[in-house]
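Novice: Please take these sequences and the hints and turn them into a complete structure.
Note that the protein sequences, when read in sequence, are chains G and W.
When we follow this note's numbering, the leftmost residue of the first sequence carries the number 18, and every step to the right adds one.
When we follow this note's numbering, the leftmost residue of the second sequence carries the number 5, and every step to the right adds one.
The hints are simulated quantities; they were obtained by calculation from the structure and are not laboratory data.
Mixed in with the good hints, there may be bad ones.
Computed footprint of chain W on chain G; a stretch qualifies when at least three of its residues, placed anywhere within it, have a C-beta under 8 angstroms from a C-beta of chain W [claimed, not checked]:
{"#": "1", "stretch": "427-437"}
{"#": "2", "stretch": "457-469"}
{"#": "3", "stretch": "619-630"}
Keep in mind the model is a prediction, meaning the values are calculated, not measured.
Just so it is clear, CB atoms sit at the ideal spot from N, CA and C, and this is done for glycine as well.
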Amino acid sequence: MCGFGGYFGDGVAPHDAQPLLQRMVAAIAHRGPDEQGIFTAPSAGLGHARLSIVGLGDGQQPMTHSSGDLTIAFNGEIFNYVELRETLKAQGHVFRTGSDTEVILHLYERMGLDCLSLFNGDFAFAIWDASRERMVIARDRMGVRPLFYTTVGQTLYFASEVKALLEVPGVRAEMDPLALDQIFTLWAPIAPRTAFRDIFELEPAHLLIAGKSGMSIRPYWQLQYPDIGEPAAYKDERDAAEELRDLLTDATRIRMRADVPVGSYLSGGLDSSIVSALAAPMAPGGLSTFSVTFGSAEHDESMFQEQMATALGTHHYAVACGEGDIASAFPDVIRFTERPILRTAPAPLYQLSGLVREKGLKVVLTGEGADEVFAGYDIFKEARVRRFCARQPGSRIRPHLFRKLYAYLPGLKQQSAEYLAAFFGAGDDPMDDPLFSHRPRLRGTAAAKLFFSADLRQTLSGYDAAAELVSRLPQDFSRWHPLHQAQYLESRFLLPGYILSSQGDRMAMAHGVEGRFPFLDHRLVEFATRLPPGMKLKGLVEKHILREATKDLLPDTIGRRTKQPYRAPDSQSFVGKNDRDYVRDAFSERSIAETGLFNPKAVSKLYEKCSDKPASGYRDNAAFVGILSTQLWQNTFSATKTLSTQAA
Amino acid sequence: MTQPIKDSIKAFIIENFLFGDTAYDLQDDASLIENEVIDSTGVLELVAFIEDQFAFVMADADIVPANLDSVARITAFVARHAGENALNKKSA
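Specialist: Okay, here's the thing in structure tokens:
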């Protein structure tokens, strides 16, 4: 894993290079507490904070190739480095270390930029190519590992987290109002935009090349699905299930590669149970599993966690997360997410990675990604029900399916068929809308923008985050099956923009823990894109083919479980007995007026309403957490505490 | 007779769902759902308000958009019930 930072250009005086890189590395030292290293050359520099996992004694970075021409700073893992190394050795390459880092250098030396197609891994890296006088920066296909960049004058600066870039003279932390609008509509900024004005994120599966003639960015891989009329690549379900099982087993096997023990998260749901079940026999000395439990029955899954841990015979550890714990952790959570968020769900994961570290582990497998790859989210079923309702708009029976989908939402239990149909826009949304599957969610989220200040609204006047999302869709999109369109939206935007960043990398790396994601192995992702939609979502049963492929691994109670979305208590974590000074301060009229982003009177009423009786509705909860996290972001990152609301 | 009912309903919606945003142009006929003024929990808050404020219990069959999805519809619905209550009281 690790973190790195660096630059390319003439903007850093030679005597400033070392101190600047040291400051950048120190800002992200939590990502790599084991070792630090710095490399400088005329017009280029790299700094690295290392979490030692592969090649404990000989994997120091930045690492320079024996030729002296290539130097790399690398965050992440190349899981197939063993096979790549053997192939390279057979071709005459001589290795000095046992690390995967050196494999990248040799493959780049041999193939140049084409080497990316051979890497199976979660990575972000920068290679200083001295002979070509260029800096090459790349990020993994699905966006597991982060990478940010900015320019000051003609000099490019890059780093694993934004806080390292804030060490660069001339780089300021200012909220980008369009990013805030995107977060309050889509849950996440649309990359390359970040919450910080003029600081960008390299998109997943992209490559940045900076040389004397300038900078260029391009994709090296794309997530794509077959046209709707194309003959199915898989007709026999049993064959498909077998292939899936083989791929998933291998994806897990190569993710167990490490010179330290590898543990596993265990939520009690299907996905992490499958990963743990596959990993358990591969773990020397037995597998350690880690869970979060909640006091509230609505969120807790401990019964299933314990059942699975017992069935697998793992060393099981659990951390109890109370509402007060969320309030205590939340300022740190925002320091690590580096962006406003609308849910508290990352906070328990922050606590969980702390437990992993406390128990002496620094690598964990997780089940994340299965819902995107195999169509597990409720939103996929919801879109199907909405289309079903739209075929007979007057039906009083069909809308009751929404209640079945969201059995865990008490607010829906008491609604009539007419209201259910109205809330989900059943029959109203045009079915050829590219965002059809996500419209109800976008509408519900965007309602929280009611709290934006008049100034911010004026700045944003006419801006439509959803329209920008549509403009980013590939040309082929309209030819895909509706389920594949919905999967693309989740996988390409929400997965890297929120799940893998705010809940994944950032919460794990806050405690120096590396998460590994077997379901995001690109071979498995590509395989799943070719599966007929009906093998993934069969009727209203999600992840059907995955259940078929793994049914012998799990107890029936787990294998047949309907998905329970991972959620945590939101506004109730911050009011009543969980009240905190920083929360009251963030919602105070003075503080709200100072940042200038929200309407002080409306915010005050929201705070009163939630304090009086914790919000149970989606809009009020999202607004409460969104406002609180934005205020915390401002207090944490902005030196001036006055946000510019000029559109970027 | 309906004006006080309408005023009371409008004030509740502005206070509770629009958080005092008087700049919001809340038209009497505008759909509360389509305009994102109210979500599924909001409907239940609205029903509780009507029952408390106007002292009658809503039947489940009455909790439908046709009765509650705009200020005008809520006003008409409440006025009908208020009228029924008055008639009932008279005949009792």
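Novice: Quick one: see if chain W covers the stretch 619-630 of chain G, three-plus residues with Cβ-Cβ under 8 angstroms.
Specialist: holds (count 5)
Novice: When I compare C-beta atoms, does the stretch 457-469 of chain G have three or more residues closer than 8 angstroms to chain W?
Specialist: holds (count 6)
Novice: When I compare C-beta atoms, does the stretch 427-437 of chain G have three or more residues closer than 8 angstroms to chain W?
Specialist: holds (count 7)
The structure meets every hint from the earlier list without exception.
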